[in-house]
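Enquirer: The task is simple: from the sequences and hints, build the whole structure.
Per the numbering used here, residue 1 is the first one in the sequence shown, and the count goes up by one each step.
Some hints could be false.
Said to hold, decoys possible - Pairwise CB distance ranges (calculated):
1. N70 with M41: 19 to 27 Å
2. I127 with L84: 18 to 26 Å
3. K99 with I174: 40 to 48 Å
4. I200 with L73: 38 to 46 Å
5. F157 with M41: 18 to 26 Å
Stated by the list, open to error - Below, computed lysine-lysine pairings styled on BS3-like, alpha-carbon distance capped at 25 Å:
6. K148 with K94
7. K119 with K99
8. K148 with K119
9. K107 with K123
Just so you know, these hints were derived from the structure itself, not from any lab.
The beta-carbon is built from N, C-alpha and C at its ideal position, and this holds for glycine as well.
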Amino acid sequence: MGVFLLLYQFFGLPTFAEIINYAQNAYNEHGYYVIIIASLMEGLLVVNWYFPGSIVIIMGTTFAITGHQNVPLTVALITLCFFLTSILNFLLGKYGWYKLLLKFGLKSEIERMKQRLEKYGPKIILISYFHPHVGSLTATSAGILHLKTRTFLIYSFLAFLIWNSFWTLMIYLIGPQILKITNFKNLMIIIAVWIIVMGIIFYRKSKKKKALAEAVPIP
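Expert: Right, dumping it as structure tokens:
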């Protein structure tokens with residue numbers, strides 16, 4: 001991480017504050033168009049893997065509060081776009097188009113979500129939609145399992161309504177403080193912690209698979 005920070009400073013790349021300022025200026029200039037495009041991208045399966053989770057609802061609402069945009073309209077647009085992308089993800093699963101995306105390494109993730117959906121039923125939608133990445137996998141898995149369209153639409157709409165309202169309330173409580181405490185150093189710390197956690201999870205899974213393989217008798 002230290003090497004990365006040194007290289008980042010050596011090449012004179014923009015600071016995190018400058019990046020946030022650029023994003024806010026783009027939002028102030030183009031307003032709701034930025035929100036719509038970003039929301040659609042963050043809601044789509046595979047595409048959203050290149051987005052930090054929930055960044056649109058958090059930053060979009062924060063910019064709306066500190067700027068001159070209508071907060072309820074901003075949240076409504078984000079919710080609508082997420083809802084539309086969930087339908088598209090559902091159709092990807094229902095008609096088998098998701099198979100074209102398996103080469104991106106989604107097979108194991110989709111299988112896991114299918115198992116959870118089979119075990120807990122559509123109520124898992126209410127829980128998993130807290131994060132766009134997980135939500136897109138759930139919607140795709142619901143399509144693969146041919147969950148009733150009406151049931152899927154009702155649960156998805158309720159889930160987005162609940163979670164987006166929750167994030168909006170949290171942003172109102174902490175407000176612009178997000179922009180003050182979010183800097184490059186803190187971002188690197190978060191990334192480092194995430195890498196460590198993922199490393200531990202990967203190690204435990206590998207160890208478990210090895211133990212299971214050794215437990216299987218050789219014919």
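Enquirer: Next step is simple, just say for each hint if it's right about the structure.
Expert: We went through each hint and held it up to the structure:
no.: 1; hint: N70 with M41: 19 to 27 Å; verdict: holds, 22 Å
no.: 2; hint: I127 with L84: 18 to 26 Å; verdict: holds, 21 Å
no.: 3; hint: K99 with I174: 40 to 48 Å; verdict: holds, 42 Å
no.: 4; hint: I200 with L73: 38 to 46 Å; verdict: holds, 42 Å
no.: 5; hint: F157 with M41: 18 to 26 Å; verdict: holds, 20 Å
no.: 6; hint: K148 with K94; verdict: holds, 10 Å
no.: 7; hint: K119 with K99; verdict: holds, 23 Å
no.: 8; hint: K148 with K119; verdict: holds, 16 Å
no.: 9; hint: K107 with K123; verdict: holds, 22 Å
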